[in-house]
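Make a model of the complete structure from these sequences and hints.
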Amino acid sequence: MDLLLVIYVLLFPGFLFLLAYGFLLQYLDRKIAARMQARVGPPLLQPVADFIKMLGKEVIDPAGVDRAAFDAAPLMALAAVMTAFLYIPIVGESPFAFQGDLVLVLYLLTLPTIALFLLGWLSRNVFSSVGGVRAVTMLFIYEVPFFLALLMPALMAGSWSISEIAGWQQEHGWFALLQPIGFVVGLIGLQAKLERQPFDIPEAETEIVAGPWTELTGRRLALMHLTMQVMLVAGSGLIAALFLGGPLLPWNISPAWLATIAGFLMFLGKTLLILVILASLKVATGRIRIDQLNDIGWKYLASATILQVGIVLLMDYIRVGT
Amino acid sequence: MPEVVLPIGPQHPALKEPVNFKVIVDGETIVGLELDVSYTHRGIEKAAEQRDFIRVIPLLERVCGICSHAHAQAFCTGIEEIMHLEVPPRAQYLRTIVAELERMHSHILWLGVAAHVVGFNTLFMWTWRDRETTQDILEEMTGNRMNYGMNEVGGVRRDLKPGQISSILSRLPKLEEQIGKYVGMVRGEETMLLRFRGIGKLSKAEALKYGTVGPTARASGVDYDIRRDDPSIAYAEVPWKVVTDTSGDVYGRTLVRIGELQESLGIIRYCLEHLPEGKIGIPAPKVAPRGEILSRYEAPRGELVHFIRTNDTDRVERLDIRTPTLANWTSVTVSLVNQNIADIPVIVAAIDPCLSCTSRITILSERGRRTAEMTWAQLVDHGQRFYRKWGRS
Amino acid sequence: MGKITDSLSRRLANWARVNSPWISVFNTGSCNACDIEVIATLMPRFDVERFGILAKGSPRHADILIVTGPVTMKQESRLKRIWEQMPEPKYVIAMGACGASGGVFQGLYHVVGGVESVIPVDVFVAGCPPRPDEIINAVVACLKLMKEDLAQGGREWRQKPVQSPMPGTTTREPGEVPA
Amino acid sequence: MTGLLGLEEVKSALERFGTVEQVRSNRIKVKTIPEKIHEALFRAQTLLACDHLIQISALDNGQSFELIYHLTGPHGTVIAIAIELPRDRPEMPTTSDILPPAGIYERQIYDLLGIVFTGHPNLKRIILSEDWPENEFPLRKDWKPRPKTPYGGVRQEER
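One line per chain: the protein sequences are A, B, C and D, in this order. Taking my numbering, I'd label the letters of the first sequence as residues 1 to 322. Taking my numbering, I'd label the letters of the second sequence as residues 323 to 715. Taking my numbering, I'd label the letters of the third sequence as residues 716 to 894. Taking my numbering, I'd label the letters of the fourth sequence as residues 895 to 1053.
Calculated directly from the structure, the hints in this document are not laboratory data. Don't take each hint at face value.
Restraint ranges, calculated between C-beta atoms of paired labels, are given here [stated by the list, open to error]: (1) C/719 - A/5: 27 to 33 Å; (2) C/870 - D/983: 53 to 59 Å; (3) A/273 - B/484: 51 to 57 Å.
Calculated Cβ distances over 10 Å to all of chain D for the following chain C residues [to be verified]: (4) 733; (5) 759; (6) 766; (7) 769; (8) 788; (9) 789; (10) 851; (11) 859.
Cross-link-like lysine-lysine pairs, in silico, BS3-like; alpha carbons within 25 Å at most [said to hold, decoys possible]: (12) C/805 - C/771; (13) C/771 - A/31; (14) D/1035 - D/925; (15) D/1018 - D/1038; (16) C/795 - C/771; (17) B/531 - D/930; (18) C/805 - C/795; (19) B/531 - D/1018; (20) D/1018 - D/1035; (21) B/526 - B/563; (22) B/608 - D/1035; (23) D/905 - D/930.
We treat Cβ as the ideally placed atom computed from N, Cα and C, and that holds for glycine.
Dropping the structure here:
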């Protein structure tokens, strides 16, 4: 059992799979965007080449920077996201599942933003610090609706474990259908979390060069890029588990190993579906100003989520009442 | 809040060319703006005095790579007038075709860059894809994608074969269709509208007062277009109309430019279909008589002026170039005054600044009380905090 | 075993480096034509993302700096600073006739000269402006140099002997304050 | 666009400042003196409806500096108001108070030709590099680029 756990964490479906899948999703993301923009797009191994190249580049410490903190921030972000991934069901339930892992995962997924803020703040570069501040500001805007939207399935399923919520959907149907508003808000929040258009405000190239990323070089840059890739996997996996039933099948297949494989394929299919939606959103929109995001975030996203909360409570009340 | 000076630039990704702004802010409102665009100053006007009429043209084409034909043409038509040369109509038509193709490529390019500034990269890509059509036609006509080398004193250097005419004509409908799509996208895409509408407003009176030219002026309802008011080359013979708009904001400038794209297509088509027979140039004397001329031409960005003084030699005594961007800078400073600092990038992009043309510059502020300095980035942040606090009103 | 992994990792690093050249563009006083052509290179017709080339705003992220235009007096110090900001290994491409020698602007009173009079240049591209395919070719040539450098263990092997200044270009020592 | 201005019309408005001549069908040139330029521009603006300053052309003809204000309006006629300034004392009052766009042009002329516009709100270096020496104005005819110095300028053999 211990050996199996080690394999689960390190090889499959743990870190190794996570990295490979992260690179694949990154490639698909860029490819889809390129095809929609009438371009050919990058070759399959492009993200891998980018990553290895960045690892090999010179590391420059901007003047007056705390080196240790500067090195630690990307590592912290990466570690947090990779840990979060372990709680997401990929083949059947996660072996680490416990009551409340949903909250832990949400918390861990917030850490990269904090790391970005930290990097921007440490860089002593105005572009970086503005980018960092923007990242945190955005966090405050989208986090509330995003959290609320993601906690609604927990409320309805009566469990705080992602795997159990996924299991609940086996019997009652997908939350994407039961809570469509929450699903949409979740996707938008994920897009904002990943800082992709129209929410790439913290790294708006035409405004603040590359935001908190500006002063990053070499392996720090590589690790931050990797963090974002992994977060794409973890985030879409989380949405898939919460709203699309995760890897669990709605019907029973007799041999257990066949069910596991089918579940895994379900997971792949669902995350890819989410990726396609996110990539299309990225291609079809321009960047909004942060004040406009504020408007959208509080006026529409937040009220939509609260509406969803109301609906869920009402449904709960009716169900319990009858 | 005390007045704050915010320096921006000179190296910045939004600016494909180097420029430096100093924005003077009183509280949250801009009260003045100082621009330093001298980073690309090379000294062309001095050099022009030392090269003869044949060798000066390549130099003038490189005043600006985007409107290179406009510069060469303003100069050539000026010198031709001083020399009293009758340029064959075929040459004039060919010049017109190249000039309008250049206008199209410049406007499409601008649309793409404007989309890029607001982060809408897909439109950026699409516009530049379609721009390749005009580049192909230009390359086929002149032999180069930019800096065409088409003009010379007395005519043009390359002729069009009948086969080329039909091949160019056959490519235009596709372009027309794409331009139609842009109209839809600009009018319908929410993120673009959010960033364009009501930004950088300039009333008609202000536009006149501050001497704006080109699409910037026409978007404010100023009905000036040198192609009609002081026609050179073939513009007097071609049916077309001046595009204006009354909104005066960035959105209006976008619409004017797209409208001009459609007009340009019409002009090109007419010129190709009615291309007169004959020579494409006449030999020009090496020496120009004593004289002076103010040669005006409507470049893609607005009225371009070459003041030429000659003195019985084979080179100019003085060539004074006034580029459209220079004329428009004052209006930028004005449309920024009393605006919120968060809108600077879009407003500056909206006049389609061409700094390599300008390499000179501007000033507005009278008040010099400076207490603190901020950078571009802080400025952006500043604006956002303001918006968060006070909303959009 | 150590040897094998060592050579393997080095081959992997070289492969990655050659397959992921990121560029950054800096205008030192060009007429824009070169800048526009560089952007056109990133666009659907030429789409250099096929080769892994990405344009980056920050010189800190770039492997190749593309410098367009003759270097004007005002941009000289800024160009130097940008170059110093780039992490090793870094390469410089000088765009067009102006980047190579000052081109049509050679000898003008506000122009220092070609890019090489300020920072070391690895690849020159001819043309005014160079076509996008020539730019791609230049990047490929730059990648070849990169490979060669990796094989030779540095760029010393191709350092030119001291050259005489080009006629017409001004002789201004780096850092010299004008009279 | 209204019709072109006639010579007589311009004469009646600007004759008092100096000679008025028709250069071309749509171009009328007025020669005046620096002291009167302000008033001449004002009358051109109010009486002749010239609402657009095209350019202030500045040149050094060897003996003196010439400044030519080109104005136009909805009539499409370009009115050129020319003045000459002595080389030894290149100074004149600014016109940026009645013509806002003139501010930029004057600053540029100041930088390249060394003509001082008194009363200009912000007459500062604008085009040349910050380490360019004071009192060197490249567009003056007697300014020769010196080989061997940083401002090598145009090659000797080309001159």
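Hints broken by the structure, by number, lowest first? 8, 9
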